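Participant: Taking the hints into account, I'd like the entire structure generated from these sequences.
For the record, the sequence lines run as chains A and B. For the first sequence, the working numbering assigns the number 1 to the initial residue and increments by one for each residue that follows. For the second sequence, the working numbering assigns the number 776 to the initial residue and increments by one for each residue that follows.
There could be a bad hint or two in this list.
[Stated by the list, open to error] Some chain B residues near chain A, calculated using beta-carbon distances under 7 Å:
| # | residue |
| --- | --- |
| 1 | PRO805 |
| 2 | ALA806 |
| 3 | VAL808 |
| 4 | LEU814 |
| 5 | ASP850 |
| 6 | GLU878 |
| 7 | SER953 |
| 8 | LEU956 |
Bear in mind the hints are in silico, worked out from the structure with no lab data behind them. Everything numeric in this text was worked out from a predicted model, so none of it was measured. Ideal Cβ positions, reconstructed from N, Cα and C, are used throughout, including at glycine.
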Amino acid sequence: MGHRWAFFLAFLLPCRALLAQGGCTLVLQGRVLDEHDRTPLAFADVVVPELHRSVQADDQGRFSLPGLCPGTYTLKVAHLDCTPVERTVQLDKDRTIELFLEHHAAELQEIEVARKRPDEHVGQAHAEIDREAMEAGAGRSLTEMLARVPGVTSLSSGPTIAKPMIHGLYGNRILTLNQGIRQEDQQWGNEHAPSLDPFSSDRITVVKGAASVQYGADAIGGVVITEPVELPRGPGLSGEVRGVGILNGRGGGTNAMLQGGVKGLTGFGWRVQGSGRYLGDSFAPHYILSNTGLREAGASASAGWHGRRMSAQVYYSWFGRKMGILKASHIGNLTDLRNAIASGRPWYVAPFTDSIGPPSQTVRHDLVRAEAAYRVSDLDQLVFTYGYQANSRQEYDLRRGGRSGTPALDLFLRTHTGDLVLKHFIGTKLHGRVGVSGSHQENYNVPGTGVRPLIPDYTEESGGVFVLEHLPVGKRLELEAGARYEATDLRVRRFDDANIYRTPEHRFSNHALTAGASWTVRDSLQLRTSIASAYRPPNVSELYSEGLHHGTATIELGDPTLGSERSLKGTFDLEGQWLHGRLYGALTVYGDRIDHYIYLRPDGYALTIRGAFPVFRYVATDAWLHGADLTLEYRLNGTWSLRDRSSIVRGRDRVRDEWLFLMPADRTENALVYRRPTLGAWRQLEVTLASTYILEQTRIPIGLDFAPPPGAYHLVGLGVSLVRPLKHGELRIGLQGNNLFNTAYRDYLDRFRYYADARGADLDLRVAYRFGKKD
Amino acid sequence: MNAMKTALLLLLAASAITGCKKDDETPATPAPVNENEVLTTLRITFVDQGSGPVKVWEFRDVDGDGGAPPTITADTLLTNAAYHASLLLLNESVSPVDTASHEVWDENTLHQFFYQVNGANIAFTYADADDNGHPVGLTTDVSTTDPSTGTVKVTLRHEPDKGAPGVAAGNITNAGGSTDLEVTFPAVVH
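Facilitator: As structure tokens, then:
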């Protein structure tokens, strides 16, 4: 780590502004703004045809044309989502002007301004985790950050493993886009957390609707997008260094980012970033959760060039994780599981340690992304994106005869993806994207485990075509419609239970349609609605699982005859301000009909030498999910406000007329927030006292679980954050306390609730220093 | 706008994307995995300390978890007899057959067998000790009294708390740990 710091510091020194020289010395500067609401339009192109000069606005819409002679100039201003405008400017002294463009996407979704993909979520309910919110989650996993969004919950396996759940769906029904590339990291496993470093991005978007048209298979429940980073386009260095200390687990994390451009090479930008986390055993209120330590490291580097017509960007990231799995969750058979549930305490508790023993997991994920864009005409752009991912996963179990050091599961997954998209206008209003995408994936079981593989080796290839068009109607309404067709080939290589080599093949072809509308009723009230279909070919684990699942002491059997899941999800989203801006509210209501919903269902018992095990088979049924997410914030006066975030989900099995297993319980978070813009030399003071109440899940299917759902629980948290502006940057400090009363509880969505309580009281202290150009 | 040109470009790219796949070499055929940790057979051999015949109890499940159900056989023990019993664990799914009880003995401080008798007049007493002097249960002294029928549940615990109350005497209640093996034999004393 020492070398890395020295490396960053070396870059801090030669930072100097660029000065314009020459006979003509006038400066024309200005901002490109949205005509309707004056939001800045990032990266708009400003062209002076007389001089054959062009400049690109920064991410705040600012541009500067130095070294001009007095005279009259034409300014042509173009932005990705706007009709270009021309304006004549008389220049006899330095001038600052404002240029207005009619921006379609911005008028619909201010959240999407300054996006490369400003038109992707029309009609879809979505939420964003910006840099500030991410900072508040520093030292936490991606899932923990996402779980602040109403409608997003966390499906966990003890304190170290958490997967995002959107509107009651998880695993292969949630698509994760890492820098815009479909993340392929064995996400079928409930104890396989996403292998990516959230700080490799500045912004995470959660789409809470079906989005197969935009993103392809698996986006049934929703999409988690770590947005591609926006590289700087001019000279100047900026960066950030962040550190967080975490009491529960006695560890912490660090993150550092540096970005800049190159003098004299306009449009070129680069960025490097690295982060790490280190945690020992977590504490539950009454005991230590032994073997729940974690080490994580990530690094990424990207460079890009942005020209008038062409742009290109390359990105590489590396992510590594080693984590302990609660040792008391290792059980031998159903008797052990029943004993664990009956005793109410973990069978293994040892003094605190930060070392990790079996059972444990190690993961390494490498991602290479290359993107090239070519502006075919003023409005049409062709974008090619290629992604390569390599995911290596080892799972270590408690084994006899000195085999604990040999992984019981050793998988290597390699994926190539390619997309070619034409962003186009048809006429002046109708615009959208049409494209093709393909992927090639190989899964290998690395030999030497001495255990029959849980999932077989396979090759999967898929190809698809899609079109998605937007039509602005007037200034306040935008319509969206799209379609995708995709075919997937799956070729499996496996040995059956009689050790005969089999190579079954499957082909799945699917289509998805979407239609949406976004209506800005007035400046402070927006309605979005969409109805979209989505699909998911069965995962190889659902087709060919065969064997004992240690974490739950069940024998899981796949069914090779399963077909694709198909979903039709409708969402209605309302967001607005009332009472002269004092009340902010956002409501999402949805219904999701899933045909051929695949899940595990008990099918008797198998007697083995280790005792009896329940047998679970993958079966398909038809499901219906619906629910609502609500956010309300009421400003009591200039400093105090009240905030509520609540969500409910209901899931029914339509065939058996029973509840679905593992649906989130109703939850509500209520907070009292105190904000002060200034406090002495400090800025943006925010104090949040939050109460989180999770109800008991009473809507459960009979006979699918080993223990009744745990009771309701209530947690109290306190957060304080403030900013200190400095000469060349700013210092940001935050303190976050969770579960302040050290309440012992278990959560229904924690798969280790059979074995131990969840984490107890926790306190995080974080410090961040940002420097360079503000954004 | 020249839609034809664009369509052509897209088509070209589509064939490039799909064409790439063909270049990949045919993936290697995986090798079958011989499970090296599976237990297929538990055999307890009862040697009469007098002059009676040798009795055998056996649980056998050669195809491992799932598949064909296991076979369980248990010879009738004689009344008022004293046996010296030894337990053998085998993995018969590999060749040569692997004697897994050696591994248990190699890690004797981490393992302990428990014999839970229900209904039958049989008593098991540990006749071995691990490196710390705690029982392991690979060998036991078995005594019988009056004619009776019932069951004997044999359990192997991994990482039990061998110092917990009653554990050294064979009481599983406080043992903890995780179960490596659990087999129930029908027991007849006649």
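Participant: Does LEU956 (chain B) pass the interface hint, meaning its C-beta sits closer than 7 Å to a C-beta of chain A?
Facilitator: Constraint on LEU956 (chain B) satisfied, holds at 6 Å.
Participant: Restraint: GLU878 (chain B) near chain A, CB-CB cut 7 Å. Satisfied or not?
Facilitator: With Cβ-Cβ at 4 Å, under 7 Å, it holds.
Participant: With a cut-off of 7 Å on the beta carbons, see whether VAL808 (chain B) makes it to chain A.
Facilitator: holds, 5 Å
Participant: Was the hint right that SER953 (chain B) lines chain A, CB cutoff 7 Å?
Facilitator: holds, 4 Å
Participant: So, as I understand it, the hint says ASP850 (chain B) touches chain A; can you test that by seeing if any CB pair is closer than 7 Å?
Facilitator: violated, 19 Å
Participant: Quick check on the hint: LEU814 (chain B) CB to chain A CB, less than 7 Å?
Facilitator: Holds. Min distance 5 Å.
Participant: Against chain A, run the beta carbon of ALA806 (chain B) and see if the smallest gap drops under 7 Å.
Facilitator: It holds, given that the least Cβ distance between ALA806 (chain B) and chain A is near 6 Å, below 7 Å.
Participant: So, as I understand it, the hint says PRO805 (chain B) touches chain A; can you test that by seeing if any CB pair is closer than 7 Å?
Facilitator: holds, 5 Å
In this structure, only the earlier hint numbered 5 is contradicted, and the remaining ones agree with it.
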